[in-house]
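Residue numbers (the numbering used here), protein chains in the order written: chain B, 1 to 314; chain U, 1001 to 1350.
Quick caveat, the hints were computed from the structure, so don't treat them as lab data.
Only a predicted model underlies this, so the values are computations on that prediction, with no experimental measurement involved.
Just to be clear, a hint being listed does not mean it is correct.
[As the list claims (entries may be wrong)] As a list, the in silico DSSO-like pairs of lysine-lysine whose alpha-carbon atoms are at most 30 Å apart:
(1) B/K95 to B/K238
(2) B/K225 to B/K289
(3) B/K83 to U/K1180
(4) B/K289 to B/K239
(5) B/K289 to B/K176
(6) U/K1311 to B/K66
[What the hints assert, rightly or not] Some residues of chain B that are not near chain U, with every Cβ distance over 12 Å (derived):
(7) K66
(8) A94
(9) R116
(10) L158
(11) Q163
(12) L227
(13) C250
(14) K268
(15) M288
For glycine and all other residues, C-beta sits at the position ideal for the given N, C-alpha and C.
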Amino acid sequence: MWVAWSARTAALALLLGALHGAPTRGQEYDYYGWQAEPLHGRSYSKPPQCLDIPADLPLCHTVGYKRMRLPNLLEHESLAEVKQQASSWLPLLAKRCHSDTQVFLCSLFAPVCLDRPIYPCRSLCEAARAGCAPLMEAYGFPWPEMLHCHKFPLDNDLCIAVQFGHLPATAPPVTKICAQCEMEHSADGLMEQMCSSDFVVKMRIKEIKIDNGDRKLIGAQKKKKLLKAGPLKRKDTKKLVLHMKNGASCPCPQLDNLTGSFLVMGRKVEGQLLLTAVYRWDKKNKEMKFAVKFMFSYPCSLYYPFFYGAAEPH
Amino acid sequence: MFLMKPVCVLLVTCVLHRSHAWSVNNFLMTGPKAYLVYSSSVAAGAQSGIEECKYQFAWDRWNCPERALQLSSHGGLRSANRETAFVHAISSAGVMYTLTRNCSLGDFDNCGCDDSRNGQLGGQGWLWGGCSDNVGFGEAISKQFVDALETGQDARAAMNLHNNEAGRKAVKGTMKRTCKCHGVSGSCTTQTCWLQLPEFREVGAHLKEKYHAALKVDLLQGAGNSAAGRGAIADTFRSISTRELVHLEDSPDYCLENKTLGLLGTEGRECLRRGRALGRWERRSCRRLCGDCGLAVEERRAETVSSCNCKFHWCCAVRCEQCRRRVTKYFCSRAERPPRGAAHKPGKNS
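The shape of chain U in the complex, shown without the other chains (with noise of 0.2 Å):
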């Protein structure tokens, strides 16, 4: 016990002010003690990448099915497409916000607030205090975690490292300050101010906007295998913002299966057509999944069972009925095929 603090401690510091140490420290960091704090915050935030990749993508005709998320230890996933970055992406923004968290709730002994800026001051009235998240010790721990999943030399491994790191840049932008009011009687005269993780839903949301936005990198064929290529490859990769997604390969047609692949195509899958709440996005799913890829629209009813018309009874619970509801759900059906419009898009409407 003694040895592994002073090793974790080394870590941050050298992350924050000496990143030439890193072939040492990787040594170091691969101490078994030291793996086996980490390791089960890294697997509970790459799980909670996937599910939010889940989320984000529920309506869209690529639904980031089960068999794209395995993270190989061979050089990542095996395509090199849009999706693939949002993958690389939002699994490594889950390990850098899981273990920030997990930090701050005191999960951890070698880490504690960032009070790097306390007592400063921030701005007109306020000053800086409190407890900020300690964004940069989870973005080190991830970066170690993650990044060394990828030991090729070629495109595709720059590309999924770019990716990974434009998923921990977007943990830092979504980051928000949080003040307190201090002051006589309340007032708001002087106010302590940290910063503090968002919630993860708006990283996701974030990337699934730079996903729409994802840039191709086109590179000469063959380039790739030579001392000359890498050097191709790592300047095409510089001159590109670690920001924006990445990808070097155009996404297949998701409307059909592809067992080569693991798609299992649209037909089957369920959309949306009514709903108060829905958003322009779900309101336009059926279109999307199954007008859009040749499909006709099959209503079906269904019956749901509730809980409603609750009450709090004193003392002490909460009661309530048990209540049917018809509904109707949507579902891609091939019981009609109109044509295809000429107009579809595979790889930008997904």
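Only chain B is shown next, with the shape it has when bound in the complex (with noise of 0.2 Å):
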């Protein structure tokens, strides 16, 4: 599954970078149409469609237009092969890392249908990076190739702009809670954290040390459940050591009190354990409960992981 996704990772790199002359143009108002474009490595290909967003692409279903060109510019050739591939960003979507987050995904996964194609501006990915690579990176996975920032126009009159990212605040701004101190209340959704997590443990925690822009948990030695082992061996339990990136100075509620017990969910990367959401270990809470006994039966292939080449469903 990895490998396949580095190769077409490296794929796309390979054709947007190809592309990247073309957009550059534009400032000229050449005109360069659909089949003036190598699309997809052959110099031929069936013609684009302008189709309807799906309702069932909720990624882009509500971006604000209703018609999208197909092939896409991540060189998606089927409505199939799009779902299966934008669904992945719908959990980071969720979070509101950036205001033009679904702008600038659904520029390249739904564009829109005109008679030239129309690429999101560098400044627009660089607005979108700047505002979820840090949430990304706190669940172990980097900014994707496919959508590195040099890839895209420097802004010209024919690229997408920041959109909603200039308008004023309403409110004061409030320090934003750790991402993997948000809390899921109902059973579905920890079960749906569980199946996102490498692993599962209840644990006390010793101590919390902060190293540069991470808090790192050290557990204590003794009242260690693992719930879920995943690629956890039993040495890598005996000191648990659990990096919650990027969350030395974002506020952590459960995290106040370190007395009593924890449920801790994580994700193994690159021989570092990484958290993915806190708990306190509450014995009358119900839906806790209920998570922790049916973890195993939740139908995890239905949903899909936080992002896509996660942890492999059970």
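Make one complex out of these two single chains by using the hints.
As structure tokens, then:
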């Protein structure tokens, strides 16, 4: 799965890199029709189609226009392919890390249907990346190569610029809670989080250390229960150190007091354990007990992991 | 429907392994259903050849006029000169290219990717894989349709068959290898490669070069009608590579109007003089079309209206202004008549 992803990413990188020169010529208002572009490597292809954005493409159904071009600007050739790839990005959209995340992603996944392709401007890409890359990194995912901003045209009249990012804030800014500390309250929500995590453990926390921009949760030796082992070996659980990426300066109410037990979820990335969610353990919480008890009965395959290429469904 | 697929499959097999079975397959291949499956692609392919010819010769004295392009079913073009050679080659190439492309696009039930090499090591660090364009298929069907137009046994027919084959070789010779990277995090430690068609323009440009280097074949006068003469023709053509274009006659003077040959001459033709993007051949078109033909160059002012200052507006439209622009165009005119240079060679410089 990962190898296929890498191959596709590399192919997209090569293709988009090759296309990079074309949008720049837009500044001279050269007309370049769809047929003139070497879409998906071949010099010929079926002509691009205009389609209604379907209701079951939730990433882009509410983007602000109704018709999309296929093949899209990410080399996806069928609606099924677009839907499958776009679904990985829904959780990021839900995080609201930037007000133009949807505009940016949909300019590539479901590009507007006009007589010429319209690319996102580089500034739109950079704004979305500035807002969302730290969040993705917190979960252990780099900003993907297919969205590297140098692939997109410097701002000109024929690319999609930042749309909503300029709007003034209607409320005074509040320090945002750590991503890993946002809480699901329903059993379903908890089980969904468990699906997208490699491991789930009930544990006590001995202390918390600050390490550059991260917090490190040092697990106590006693009272540890591995609820979902995933890639963890027994030796891994002897001394648990969980990294809360980009978590040094944001509030996390659950960790204000370290007494008692915690329900912790995480991923193992390049030998490091990354925290993805933390809850104070509450034996009276029926939703939590239900989720822990029926975690392995939950149909994980019906839901996509947080990002494509994350934990394999069990 | 049941009968058609085995016939088509058999045909492809015969092409690859047993050419002596052509006579049987000629009959089967001209069955009505098989003919209809391919005939629209053949027609579209021939048309793309014509359009490419017009592009390649836009700034030549001979500019691929309409009359020259009528391939008859009675032995092809009447003339047998260098231009005839190009027309046959580019038409044959267009048919083959279009059939191959339509095969890859999934238009035909009985053909698909050429995966004969898939899995084999192609070179250091790369394997054959993916979907190679099935150029063998396009070649076989193209040959079936295009060569069938040559029913004669004379030198003219041999020339046309030779040039048809040169067109097909031009398509194969311009194919290119394309690769995709695999490996951890997008590195290029391993690649999968496949063969694919180039832009058809590359085929046209390739054949234009062959046109300039075309070989004239001299045959003894009157040798064409006897059995021994046909043997001599076959021997002569066999000794010439089918990558080269061949012709039997010199070209007429394309400067002049010639109603008998359907030539309009260069008087009234547009030519190019200035422009940043012009190539060398275009920049010299006024001299070639006008000066060397004893005509003057006339300037005409014109005004064009085109879209400009286009802007994308959210959401979602591209809106443009309409800008007027003065342009100068150049035409060959009889207004003055400077004497023509003695170095003029009509056949070589059309």
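Now the hints, each set against the structure:
1. B/K95 to B/K238: violated, 33 Å
2. B/K225 to B/K289: Answer holds: B/K225 to B/K289 is near 14 Å, not above 30 Å.
3. B/K83 to U/K1180: holds, 23 Å
4. B/K289 to B/K239: Roughly 25 Å separates the two Cα atoms, so the pair holds.
5. B/K289 to B/K176: holds, 28 Å
6. U/K1311 to B/K66: holds, 20 Å
7. K66: violated, 9 Å
8. A94: Non-interface label stands for B/A94: nearest chain U Cβ at 22 Å, farther than 12 Å.
9. R116: Contrary to the label, B/R116 does not stay out of reach of chain U, its closest Cβ about 7 Å off (not over 12 Å).
10. L158: violated, 5 Å
11. Q163: violated, 6 Å
12. L227: holds, 31 Å
13. C250: holds, 29 Å
14. K268: holds, 17 Å
15. M288: Non-interface label on B/M288 holds, nearest chain U Cβ at 37 Å vs cutoff 12 Å.
In this structure, the earlier hints numbered 1, 7, 9, 10, 11 are contradicted, and the remaining ones agree with it.
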